[in-house]
Every structure is written in structure tokens, then in C-alpha cells.
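A.B. asks: Taken in order, these protein sequences are the chains called C and E.
First residue of the first sequence? That's 1 in the working numbering, and the numbers climb one at a time after it.
First residue of the second sequence? That's 1 in the working numbering, and the numbers climb one at a time after it.
Derived by calculation from the structure, the hints in this document are not laboratory data.
Accuracy of the hints is not assured; some may be wrong.
Simulated crosslink set (DMTMM-like; lysine to aspartate or glutamate; CA at most 20 Å straight-line) [what the hints assert, rightly or not]:
no.	chain 1	residue 1	chain 2	residue 2
1	C	167	C	87
2	C	92	E	86
3	C	91	E	113
4	E	210	C	154
5	C	167	E	86
6	C	167	C	157
7	C	34	C	130
8	C	167	C	154
9	C	66	C	157
Listed next, the stretches of chain C that the computed footprint assigns to chain E, with coverage defined by at least 3 CB atoms under 8 Å from CB atoms of chain E [said to hold, decoys possible]:
no.	region
10	46 to 53
11	100 to 114
12	142 to 149
We treat Cβ as the ideally placed atom computed from N, Cα and C, and that holds for glycine.
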Amino acid sequence: MSNLAWIFTSTLLVNNFTLVMFLGLCSFFGVTAKIETAWRLGLANTFVLLITAVSASFLNAYVLAKTPFLRTIAFIVVIASAVQIVEMAVKKYLPVLFRQLGIYLPLITTNCAILGLALFQTSRKYTWVEGIVFAIGAGLGLTLALSLLASIRERLEVADVPDFARKMGLVLVAASCLSLAFMGFAGMGSG
Amino acid sequence: MTAPTVAAASQEELVPGAPPPAPLWFDVWRGIAKENPVLVQMLGMCPTMAVTNTLANGTAMGLATLFVLVGSGLFVSLFRKHIANEVRITSYILIIATFVTLADMILAATFPDISKALGPFIPLIVANCLLLGRAEAFAAKVGPVRAVADGLGMGLGFTVSLMALSALREILGSGSVFGINILGPRFEPWVFFVAPPGGFMALGILLLIKGAIMTRNARRAAEARA
């Protein structure tokens with residue numbers, strides 16, 4: 001049990017997927033202009049992460065044991081299908097959200113956080129229960145990072161800064177400070 | 001800047017939304033400068049940040065991505081008339097994943113140390129939005145020669161930006177270049193720059209410098225006109 005709790009806090013805070021491991025940066029910079037879209041995309045990602053974690057552990061156990069060289073290809077196909085299902089479900093049941101997320105919903109397929117989760121889960125030899133906890137931790141960590149950066153960017157919009165810093169440069173510096181803050185959690189595991 | 005009008009590829013039939021005909025050198029140059037994937041388009045950020053803590057890692061990642069860009073560009077372009085519209089994204093991903101698996105195996109066989117240091121970030125090239133972006137926006141609409149030229153340009157642009165970023169991080173963070181100490185024993189390494197926050201900060205600094213230069217150039221151009 002404590003092992004599961006540790007996996008959860010570790011992926012949520014200490015090794016936050018976005019801010020410390022650098023996974024999923026495209027959406028991190030792409031959709032964080034508004035906080036509503038940011039946390040909703042985070043939750044959509046969490047759902048895809050969950051499906052991926054379960055599928056990846058079954059693929060590893062039954063299909064890929066003898067053919068490890070097909071791992072990358074098999075994972076990406078599973079992820080692409082999962083995203084397709086999520087996209088159809090959101091379009092049918094949450095049309096408003098579908099319009100807000102736009103291009104970023106199908107782009108979850110190329111969110112490296114998803115494939116990264118499947119690969120890390122494989123290299124760390126997680127069981128499927130650990131995989132699910134890992135996915136929830138990673139997804140919530142992603143949602144947290146997206147919401148935090150989006151809130152900072154909403155303030156930056158109205159701040160008085162030099163013209164040349166108006167675009168992404170300043171956002172990256174803000175992300176750096178955020179990442180520095182998350183580095184503070186690094187001591188948690190050693191105690 | 002307007003696209004050069006010399007039509008080197010004008011023999012091909014034009015697909016709706018196809019990039020305008022341009023000489024081959026321009027297809028290559030566009031990726032290096034005008035539409036540089038990292039500094040202008042901000043695509044492929046994950047490997048950009050994650051592996052640029054040393055110059056060797058950054059260069060290896062850049063070259064691996066270059067290989068996948070050229071290979072997948074060629075095959076997407078060759079099969080562009082046979083892939084049905086509904087399954088095109090999945091097909092592109094499969095082509096890309098095949099080349100990434102190849103790159104992973106080649107790197108593991110030739111440079112095992114670098115392959116170990118990069119770890120899961122080589123398979124993660126599949127999820128680099130730059131690859132799918134170029135397949136969808138360029139390679140699927142033009143002939144194989146232009147697709148390869150574009151892949152070469154984008155790959156070189158990616159490699160050059162990664163090398164610039166990792167050189168900055170390695171010099172400041174460990175005082176060395178390619179693992180060879182250049183700043184002498186009295187230099188106190190700025191460990192911040194090899195740690196994760198340093199990656200964001202280094203790219204932020206590069207972009208701020210680029211922004212400052214471009215603002216200055218625009219102002220000078222305006223003054224020259226006035």
C-alpha cells in the first residue's frame with residue numbers, strides 16, 4: 001500500500017511529468033493561454049493515460065514478451081485508438097468541450113506524456129495496479145502543471161513588460177521558476 | 001519575405017493546400033532559418049528540453065530526429081496517393097514509428113553509451129509533434145524529392161537549435177564542451193543549467209535574445225524608411 005502511495009506522490013509532485021521529466025510540453029505551452037481549457041485538457045489526458053496504462057500492461061504481459069522490438073509501434077497504435085475513442089465520446093456527449101479543445105484533442109496522440117508513461121511503466125516493470133496509480137498520478141500532475149502555468153500566463157497578459165518579451169520567452173522563464181519550485185519536492189523521497 | 005517564384009517542382013500536379021512551388025534549396029533553408037522548428041515553431045519541445053544537458057546528447061538526438069524526418073518524409077510522400085484520408089494519421093504514425101525503431105536500433109548498436117543516456121527519449125521521437133506536423137503539412141502534399149529536402153532542412157534546423165541550447169547548458173552547467181573541460185578548474189559549475197529548470201531558462205534566454213534582435217531590426221527598418 002505504501003508503495004502505491006509513494007508511486008502516486010512521486011509522479012504527482014517529485015517527478016512531475018511536465019515540469020521535471022519534460023513530457024507533454026507541446027500542450028504545456030500550446031493550451032495554457034486560458035485556465036478553463038488547460039485543466040479540461042489535463043483531465044482528458046488523464047483519461048487517455050489510464051486507458052494506455054491498462055492496455056500497455058496487458059500488451060506487455062501477453063503480446064510483447066517475445067517481440068520487444070515491436071513495443072514502440074504497438075504502444076502508439078493503442079494510444080492512437082484510445083484517443084480516437086475519447087474524441088468520439090467527447091464529441092457526442094460534451095460538444096462544448098469538443099469545440100474548446102479543437103485541434104489539441106486529436107493531438108493527445110502525439111503527447112509524449114502518454115507514450116512516455118507506457119515506456120516508463122515497462123522499464124520499471126510496474127504491475128497493472130501500480131500502472132493505474134502511476135497513470136492517475138501522472139495525469140493529475142499534468143493537470144496541476146497546466147493549470148498553474150495557465151494562471152501565471154493570465155496574469156502575464158496584463159503585465160507591463162518590454163515588447164520583445166511579449167511572446168514565448170517570458171513564458172519559458174515563468175515555467176523555469178515553476179519547475180524550480182517543484183525541484184523543492186525532491187527531498188521528499190530520501191527522508 | 002515572399003517565396004521565390006522559380007518553379008523547380010512545377011511539373012507535379014498541385015494538391016489543394018500544397019505548399020507553393022519553390023527551388024529545392026529553399027525547401028531546405030526554410031527549416032533551418034525561417035521556420036526553424038524549435039526557435040520559431042516551438043515544436044518538438046520535449047526532447048529539446050529533456051536531452052540538452054550535454055552537447056553529445058543534444059547532437060545525437062538532433063541527428064536521430066533528422067534521420068526519422070528524412071525517412072518518414074520520403075515514405076509518406078511515396079505513399080501519398082495510396083493512403084485513404086480517414087486513416088492517414090494512423091498510417092503516418094506507423095511509418096514514423098518504423099523509422100524511430102530503426103534509429104533506436106542503429107544508435108544502440110553504434111553508440112551504446114549515448115543510447116543508454118537518452119533512454120526512453122529515442123522511442124519518444126514518435127511522439128514528437130514536429131514529425132507528424134511535417135508529414136501532414138508538407139510530405140503528404142509534395143513529391144518525394146521536395147519531401148526529403150524539407151526533412152533535411154527541418155532536421156538540420158532542429159539539430160542546430162538543439163546543439164546551440166545544449167552548448168549553452170553544458171558550458172554554463174559543467175564548464176565543458178563534449179565532455180572536455182574548457183573553462184579551467186577555477187570555474188564553479190552552474191549546476192542550475194543542467195537541472196530541469198535550467199532547460200526552460202536556457203531556451204527562455206535564447207528566445208528573449210532572438211526577440212530583442214528582431215525588435216531592434218524592425219525598429220531600424222522603420223527608421224530607415226522614415
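A.B. asks: Hint by hint, say whether it matches the structure.
C.D. replies: Verification of the hints:
Restraint check for residue 167/C and residue 87/C: the C-alpha separation of about 30 Å exceeds 20 Å, so the hint is violated. With a CA separation close to 19 Å, the supplied pair residue 92/C and residue 86/E stays within the 20 Å bound. Between residue 91/C and residue 113/E the alpha-carbon distance is near 46 Å, which puts this suggested pair outside the 20 Å criterion. A C-alpha spacing of about 23 Å is found between residue 210/E and residue 154/C, which places the hinted pair above 20 Å, so the restraint is violated.
This hinted pair does not check out: residue 167/C and residue 86/E have alpha carbons roughly 35 Å apart, beyond 20 Å. Distance hint between residue 167/C and residue 157/C is fulfilled; the C-alpha atoms sit about 10 Å from each other, no more than 20 Å. With a C-alpha separation of about 33 Å, the suggested pair residue 34/C and residue 130/C falls outside the 20 Å cut-off, and the hint is violated. Distance hint between residue 167/C and residue 154/C is fulfilled; the C-alpha atoms sit about 13 Å from each other, no more than 20 Å.
Restraint check: the Cα-Cα separation between residue 66/C and residue 157/C comes to about 53 Å, which exceeds 20 Å; the hinted pair is violated. A count of 0 residues in the region 46 to 53 of chain C with a Cβ less than 8 Å from any Cβ of chain E is obtained; the coverage claim is therefore unmet, three being the minimum. Three residues within the 8 Å Cβ limit are the bar, and the region 100 to 114 of chain C against chain E gives 7, so the coverage statement holds. Only residues whose C-beta sits within less than 8 Å of a C-beta in chain E count toward coverage, and the region 142 to 149 of chain C has 0 of them, not enough to reach three; the restraint is violated.
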